[in-house]
Each structure stands twice: as C-alpha cells, then as structure tokens.
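Given next are the chains, with one letter for each unit.
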Amino acid sequence: MPVIEVQGLSKVFGKNNKQALKLLDQGKPKDEILKETGNTVGVNRASFEVEEGEIFVIMGLSGSGKSTLVRLINRLIEPTEGSVYIDGEDLAKMDKKNLRRVRREKLSMVFQKFALFPHRTILENAEYGLEIQGVEKEERSKKAKESLEMVGLGGYIHQYPAQLSGGMQQRVGLARALANDPEVLLMDEAFSALDPLIRKEMQDELLDLQETMKKTILFITHDLDEALRIGDRIALMKDGSIVQIGTPEEILVHPANDYVEKFVEDVDRSKVLTAQHIMKRPETINIEKHGPRVALERMREEGLSSIYVTDRKRNIKGYVTADDASDARKREITDLTEILRTDVPQVGKETSMNDIFEIIHDSPVPVAVVEDGKLMGIIVRGAVISALAGETEVISEDA
Amino acid sequence: MLNFMENVAQIPIADWVSKFTDILTNTFAFLFDPIKNDFGTFMEWLAELLASIPPVIVILLVVILAFFASGKRFGLAAFSLIGLLLIWNQGLWEELMFTFTLVLVASLLSIIIGVPFGILMSKSKTAEAIITPILDFMQTMPAFVYLIPAVAFFSIGMVPGIFASLIFATPPTVRFTNLGIRQVSSELVEASEAFGSTGAQKLFKVELPMAKKTIMAGINQTVMLALSMVVIASMIGAPGLGREVLSSLQRAQVGTGFVAGLGIVILAIIIDRFTQSLNSQKGDA
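Heads up: the sequence lines are chains A and B, in that order. Position 397, counted from 1, in the first sequence is what the working numbering calls 397; the numbers after and before it change by one each time, with no gaps. For any residue, its number in the working numbering is found by taking its place in the second sequence, counting from 1, and adding 399.
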C-alpha cells in the first residue's frame with residue numbers, strides 16, 4: 001500500500017470556487033478561469049501515489065503550484081476538493097484533533113527558508129516537535145541530540161540559528177523534522193536557498209541518510225538537475241496540473257509533451273545519461289575460433305583500427321589492434337592470444353557520461369561497456385560528444 | 400439657502416451621552432462602588448507602603464536595577480541616582496511615590512487588558528475591523544473628556560484617575576500586539592503548525608516570543624501615556640506630582656510648578672529607559 005495517496009486534489013483560491021471547479025472539469029485552462037470567475041487555480045486535480053521509502057520529487061517552475069500542492073498534503077492549505085490518504089487515512093476530511101495527531105506522528109516538513117525559530121537554540125529548535133507532543137524534557141533532548149548528530153551538528157546545540165551558516169541552518173531544519181521520527185518527510189524547496197556547492201553536498205547527504213532511514217520523502221524543487229539527482233520518481237507540474245510522472249530516465253527519454261521536452265532540453269545531459277544510452281552493438285571476434293587474419297579482415301570491412309575479443313559466451317578477453325594483427329600475419333602467428341591486449345578501458349552500464357568522458361579521453365580504443373564480465377557494447381568518442389550536445393537520439397533500454 | 404441648517408433641529412447627542420452615563424452609573428453602581436472603595440483602599444495602601452520605605456533604599460534598588468537592566472552600563476544608573484536624589488531633595492518624594500503607584504497600576508491594567516485584545520485582533524479580521532475604529536476614537540478624543548465619566552462612575556481620587564488613564568493608554572499595547580503577531584513570518588507559523596501545534600502552543604511558543612519586541616514597544620508607549628494621564632488626572636483629585644503642578648498653576652507659582660514638572664520629567668525618563676532596555680536585552684539576533 002502506498003504511504004501517500006493523492007486523489008483528484010484541487011485548490012482554487014478565492015470565493016465562489018464552485019464555478020471555477022466546474023470550469024476545471026470542463027478542462028478550461030487556468031488563465032481563462034481567472035478571467036471568468038476571478039479565482040486562481042492553485043492545483044488542478046493532482047493524483048499520484050508515493051510508495052514507502054521512495055523519494056518522490058515534484059518539480060515545476062515558480063507558479064506551477066508545487067508549493068501549494070505540498071501544503072495541501074499536510075493541510076497547511078485547505079484543499080478545495082479531493083483526498084490525501086496517509087496510511088489510508090484521509091487528511092482532507094479529518095477533524096482538527098486527528099489532523100494534529102497525524103502531523104505530529106507521521107508528517108514532518110522542511111522549509112525553503114529553513115523557518116527555524118530564532119529565539120530558540122539549535123537544540124530547542126530540534127526539540128520543538130517533541131516538545132509540543134508533551135515528551136519529557138530528558139527524552140526529547142536525547143532524541144533531538146541524536147538527530148542533530150545524524151546531520152553532523154552535534155557540536156552546535158547551544159548556538160542560536162543566526163550564528164549558523166545557511167547550510168548548517170538547513171541541517172537543523174532537517175534534524176528538527178527527523179527528531180519526531182516521522183514516516184513522511186515533506187521537503188519544500190529545501191535546498192533552493194543554498195549556494196550550488198552546499199546544495200550538492202546536502203543532496204548527497206540526504207541520499208546517504210535515506211540509505212539508512214528509508215523515509216518516504218516528498219521533495220519539491222524547481223531545479224531539474226536536483227530532481228534528476230535525488231528523485232526515484234518525478235512529477236512535473238505546469239499551471240497547477242501534473243504533466244508527467246515517471247522515473248528520471250522516462251522523463252528525459254520520453255517527454256510526455258512539448259512542455260516537458262522543452263524543460264528537459266536544458267538539462268545537463270552528462271549527469272543523466274549513462275553508458276547504456278550511448279553504447280553501440282560491438283563488432284567482436286571469437287578468441288576460440290578466430291585468428292589475426294580474421295581480425296584484420298573484420299576491421300578492414302568495418303573500417304576499424306581495433307576490435308574487441310570475446311569468448312563464445314561474450315565474456316570479454318581483450319582487444320587487438322589493426323597494426324598488431326597485420327604484424328602478426330606477416331610473422332605468420334596464428335594464435336590470437338599472442339597479440340591480445342588486456343588493458344581494456346571499461347565502464348559499467350550505469351556509468352555517467354562525465355566518468356566515461358574521462359576514460360575515453362585517454363583511450364586509443366573505444367570504451368567497453370562490461371557487465372558481469374560480459375561485453376554489452378562499446379562507446380566511441382563521437383557518441384559521447386554528440387550525446388553531450390543533445391543531438392543523438394538516445395537509445396533507451398526498452399526501445 | 401446657504402443657512403438651511405437653521406431649519407434642522409440640533410441632534411441632542413450631548414443629552415444622550417449624559418443620560419447614557421447616568422444609566423450606566425445607576426445600573427452598575429453595584430459594580431462601581433466596590434471598585435471605588437476596595438480598589439481605592441488598595442491603591443492608597445500600596446502608595447503609602449512605597450512611600451514608607453526609606454528613600455535611600457528605594458534609590459539604591461532602582462540604581463542597581465538600572466545598572467543590570469541596561470546591560471551593566473552606568474548611564475541609566477547614574478541618571479536615576481542623581482534624578483531621584485534631586486526629587487527627594489526638593490521634598491517631593493511622597494508625591495513621586497503616589498504618581499509612580501498610579502502609573503504602575505494603570506500600566507499593568509492596560510497591559511493585562513490590552514495584550515489579549517491585541518491577540519484577538521491578530522487572529523480575527525472581524526475583531527480587527529471592529530476594534531480598530533474604537534482604538535482610534537479612544538486615542539483621538541481629548542484626554543480631559545475621559546475625566547468626566549470617570550468622576551461620574553468613581554467620584555474623585557485615584558480610582559477615576561486609573562480609569563481615565565486606562566482608556567487613554569491601552570490602545571498602543573493593543574495595536575502593537577496585533578501588529579507584532581501579524582508580522583511573524585508566515586513560514587515560522589507554518590512550521591509551528593506543520594509539527595502539529597495547537598493554537599495555544601503556536602501562540603505561546605512562537606508568535607508571542609517572536610512579537611515580543613514589538614509588543615514591548617507598545618507597552619513602552621502605554622506606560623508613557625499612562626504617566627501623562629495620571630498628571631492630568633490630578634484635576635479630579637488624583638494625588639502625586641500632578642497635583643503639585645496643578646496647585647502651582649492655580650496660585651501662579653512658577654518655581655514650584657517647574658520643580659514638580661521636573662520631577663515628572665525625571666520619572667518619565669527613568670521609566671522610558673527602563674522599559675526600553677528591558678526590550679533590547681535578550682535575543683538580539
């Protein structure tokens with residue numbers, strides 16, 4: 001069962017929103033509804049599910065309704081229509097008391113501008129969630145310290161937020177959210193206010209923490225690179241509607257419409273594309289039956305200067321170059337192993353373009369994509385460059 | 400044509416208000432009388448208690464408090480020492496104690512009444528819409544006007560003085576409390592709600608602490624207005640420095656009037672700096 005299940009969730013700001021809802025159902029766009037009724041559509045019938053332990057990213061430009069959506073989920077903003085199920089309980093229809101209970105026990109939120117309480121020390125900030133639940137001072141202080149240590153702030157507990165840098169402040173924000181031991185973390189542009197280096201560091205740290213915590217995380221961002229980096233799945237929002245939901249790869253490789261395509265156009269592809277997207281089917285010769293003569297023949301046919309050598313089960317053995325093969329033929333050597341070179345430049349299927357680039361740069365031969373010792377494909381320099389330039393039709397696994 | 404008002408009868412607002420006040424006085428006599436008697440007795444007891452403490456001890460206490468309240472600086476402490484010694488020297492110590500009692504009680508009551516109304520205003524737009532014009536009215540009506548119903552309700556003495564200064568001095572506390580709470584950043588309020596705070600937890604753990612500085616600025620104003628009002632209240636028999644000023648005015652004694660006025664100024668400066676330094680001490684982030 002999904003931890004978060006959102007069904008037909010809508011928010012229309014302004015009075016008399018019945019009319020606006022009706023127009024929404026007729027599929028009228030946001031600006032037309034504003035013109036006709038004076039109501040602003042914040043979120044338009046969003047539906048999605050988030051599984052346990054998943055990082056689900058909601059991504060969109062400013063004004064796309066993503067911040068409204070996350071606030072509908074813990075009901076900081078009252079939904080106009082629709083349901084939000086957390087562990088099967090509908091938050092949208094809950095009374096105040098139960099809502100407080102769910103907020104205390106299951107949901108925690110991390111804010112864009114940190115939203116730390118300036119009059120409280122770091123420890124007191126981290127304790128806040130437990131304090132309002134009435135947890136004993138000793139116990140809450142112990143739990144808060146644990147979660148502060150988890151984010152690497154064990155030594156700062158008696159400082160005030162203003163004494164800390166932005167990155168550290170957001171660690172406190174994270175620790176405060178974690179101290180409650182919630183099931184779900186709502187992160188509203190949590191890293192957007194940080195400078196790029198710190199942001200990347202925090203992303204890595206979140207991923208590290210997630211390895212052990214296995215929380216269900218709903219992460220809001222306007223930064224596609226960030227979404228692709230940390231998201232297990234991504235929902236793209238535009239004008240209050242979810243345009244596409246999918247894994248980072250699905251979104252990049254099969255954009256649902258022009259909007260998504262335009263969006264992903266600017267992505268730094270080197271971070272997203274991996275070896276399997278740009279590898280070609282390899283030309284190989286079989287070490288068990290071919291000799292230098294066949295190798296040379298094949299290279300001449302295909303216009304290559306080197307060729308990979310495998311056994312019958314496609315296990316990679318090495319490669320031979322055209323020069324070595326022609327030399328061997330002159331000296332009448334028939335055994336391929338004598339001229340076989342084993343310094344194979346190899347990468348895995350998931351190796352990122354950046355790393356491939358480094359390897360291919362120094363390599364005289366195409367890079368081998370190897371999995372479990374088997375040759376899966378080869379990458380030539382041209383493929384890397386054209387993929388980085390965004391020109392090639394990338395090959396996806398199921399294509 | 401231009402003097403068409405001649406044909407319109409005068410609306411008897413003055414009569415109405417007089418009658419209304421009479422009705423109030425008679426109807427609520429059961430309430431006003433005990434307040435007048437018991438509260439009046441309490442006020443006198445408090446003032447006399449303060450006046451009975453040897454001035455040296457009071458002055459020492461104030462100086463020490465001033466030193467610590469201003470963050471261990473000597474300015475306010477030195478000023479308090481010289482100022483209070485001067486008032487003592489001028490033979491106005493007892494009057495000072497009476498004025499101080501009036502200001503203290505009036506301000507405390509203003510704060511006790513004002514802060515909850517400010518909170519109410521910050522939480523409800525309707526309350527804000529209703530209370531704001533009332534506050535405007537209370538502040539712009541000449542302060543002397545309040546003395547008249549005060550006398551009607553509580554006759555003369557300290558209690559009507561307190562009543563008049565309550566009406567005159569409460570608005571800043573209400574306004575600033577409202578403002579302070581409304582200015583708390585929405586993200587902090589959201590954070591507090593997102594963790595499942597109740598309304599009271601949100602108010603006491605986040606909103607009031609965050610609004611503290613603004614509320615204190617309002618309280619500072621309230622105290623200063625209360626001081627100015629208890630001076631005016633000497634016209635209806637409130638004792639203290641104001642009465643000295645009033646009687647010198649009636650006898651055209653410039654010198655004594657000046658000395659009593661100086662005493663009020665000294666008291667005003669000490670109270671003002673005290674409340675301000677209390678505000679600027681902690682949590683300077």
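Where hints are given, some of them may not hold.
Claimed, not checked - Over the 12 Å line for every Cβ pair with chain B, so calculated as not near, a few chain A residues: (1) Lys145; (2) Gly303; (3) Arg341.
Stated by the list, open to error - Beta-carbon label-pair distances, calculated as ranges: (4) Ser584(B) / Lys22(A): 33 to 41 Å; (5) Glu201(A) / Ser584(B): 22 to 30 Å; (6) Ser584(B) / Gly155(A): 40 to 48 Å.
As the list claims (entries may be wrong) - Now the stretches of chain A that chain B is said to cover, found in silico as 3 or more residues with beta-carbon under 8 Å: (7) 37-43; (8) 128-137; (9) 194-200.
Keep in mind that the hints were calculated from the coordinates and are not lab data. We treat Cβ as the ideally placed atom computed from N, Cα and C, and that holds for glycine.
Against chain B, does Gly303(A) hold up as non-interface, every C-beta pair farther apart than 12 Å? Given a closest Cβ separation of 63 Å, the condition holds.
Outcome of range test on Cβ distance (Ser584(B), Lys22(A); 33 to 41 Å): Holds: the Cβ-Cβ distance is about 36 Å, inside 33 to 41 Å.
Cβ separation of Glu201(A) and Ser584(B), checked against the hinted range 22 to 30 Å: holds, 26 Å
Mind checking the hinted window 40 to 48 Å against the Cβ distance between Ser584(B) and Gly155(A)? violated, 28 Å
With a Cβ-Cβ cutoff of 8 Å, does the segment 37-43 of chain A contain at least three residues near chain B? violated (count 0)
Three-residue Cβ test at 8 Å for the coverage of the segment 128-137 of chain A by chain B: holds (count 5)
Has the segment 194-200 of chain A got at least three residues whose CB is nearer than 8 Å to a CB belonging to chain B? With 0 residues closer than 8 Å to chain B, the segment 194-200 of chain A misses the three-residue bar; violated.
Checking a non-interface call: every C-beta of chain B should be farther than 12 Å from the C-beta of Arg341(A). Is that right? holds, 61 Å
Measuring Cβ to Cβ, find out whether Lys145(A) lies farther than 12 Å from everything in chain B. The assertion about Lys145(A) holds, with a minimum of 18 Å to chain B.
When each numbered hint is compared with the structure, violations occur for hints 6, 7 and 9.
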